[in-house]
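Here's the letter readout for the chains.
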Amino acid sequence: KQEVTQIPAALSVPEGENLVLNCSFTDSAIYNLQWFRQDPGKGLTSLLLIQSSQREQTSGRLNASLDKSSGRSTLYIAASQPGDSATYLCAVRRVNAGNNRKLIWGLGTSLAVNP
Amino acid sequence: SQTIHQWPATLVQPVGSPLSLECTVEGTSNPNLYWYRQAAGRGLQLLFYSVGIGQISSEVPQNLSASRPQDRQFILSSKKLLLSDSGFYLCAWSISHYGYTFGSGTRLTVV
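Protein chains in written order, with the numbering used here: chain Y, 100 to 214; chain V, 40 to 150.
Among the hints, erroneous ones may be present.
As the list claims (entries may be wrong) - Calculated lysine-lysine pairs in the DSSO-like style (CA-CA distance at most 30 Å, straight line):
1) Y:K201 <-> V:K119
2) Y:K201 <-> Y:K167
3) Y:K201 <-> Y:K100
4) V:K118 <-> Y:K201
5) Y:K141 <-> Y:K201
6) Y:K100 <-> Y:K167
7) Y:K167 <-> V:K118
8) V:K118 <-> Y:K141
Unchecked claim - One-sided and incomplete, this derived list gives chain Y residues near chain V with beta-carbon spacing under 10 Å:
9) N131
10) Q133
11) G140
12) T144
13) Y175
14) L206
None of these hints come from the bench; they were simulated from the model.
Note that this is a predicted model, so its numbers are computed, not measured.
Note that the Cβ used here is the ideal one computed from N, Cα and C, for glycine as well.
Working from the sequences, and respecting the hints, build out all of it.
Here it is in structure tokens:
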């Protein structure tokens, strides 16, 4: 059974710091892994998608890595800004065994970047 | 470009009343469509998914139902709402190896 864990659950940092959010999963048979951002009361915004054959993806100040063998992904945020404050969610897409295309979600890391 | 629309953004309904939430996708064909619920302090729960018109799979037995009358339209319904149906409802779509794209969500409060 695939389980996804995100550590830490909450993080508070001063503006300008580089930070790492962690996502671990128990079954390495994944199709891809996707990082999302959710602002309070809002929908989910996709940040980065890493296919199972890839090691990392970058977008601006964000870099996500994937190590399937160890069941880990990290989201690196460089030079954090107050506008980065949000909940960051990690979701793993299981290798299909039929028409079930279910994502397995972590509970998220709530990030606060203080001015 | 592909977009997803979800409405209404906020809804307050009395217990026992019906529900209809709508989601439409633009700029793509034959997407997989999903309804998720997010309860306070809990993770996202997949409620329904659809791989085509009229094809609905239910992940969790509940008071809700879903329909897909058109290729890019997905509707979440209930005949009689319960207090426990309160939550944040999210519609999403995906195609093949691409990731998921989510709508802006509907905050449902059942009173």
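Here is what the structure says about each hint:
Annotation: proposed proximity of Y:K201 to V:K119 holds, straight-line Cα distance about 27 Å (limit 30 Å). For the proposed pair Y:K201 and Y:K167, the alpha carbon gap of about 18 Å is at most 30 Å, so the pair holds. For the given pair, Y:K201 sits about 12 Å from Y:K100 by alpha-carbon distance, which is consistent with the 30 Å threshold. Straight-line distance between C-alpha atoms of V:K118 and Y:K201 comes to about 26 Å, which keeps the hinted pair within the 30 Å bound.
Distance check on the hinted pair: Y:K141 and Y:K201 sit about 22 Å apart at the alpha-carbon level, within 30 Å; holds. At roughly 16 Å between alpha-carbon atoms, Y:K100 and Y:K167 fall within 30 Å of each other, so this suggested pair holds. Between Y:K167 and V:K118 the CA atoms are separated by roughly 44 Å; this puts the pair beyond 30 Å, and the hint is violated. Between the alpha carbons of V:K118 and Y:K141 the distance comes to roughly 26 Å, so the proposed pair stays at or under 30 Å and holds.
Interface hint at Y:N131: satisfied, since its Cβ lies 7 Å from the closest Cβ of chain V, which is below the 10 Å cut-off. Hint status for Y:Q133 relative to chain V: holds, with the closest Cβ pair at about 5 Å, below 10 Å. A least Cβ separation of about 7 Å between Y:G140 and chain V falls short of the 10 Å threshold, and the interface hint therefore holds. Taking 10 Å as the C-beta cut-off, the interface hint given for Y:T144 holds, the closest approach to chain V being about 8 Å.
Taking 10 Å as the C-beta cut-off, the interface hint given for Y:Y175 is violated, the closest approach to chain V being about 19 Å. At about 5 Å, the closest approach between the beta carbon of Y:L206 and any beta carbon in chain V falls short of 10 Å, and the interface hint on this residue holds.
Comparing the model with each earlier hint shows violations of hints 7, 13; every other hint is respected.
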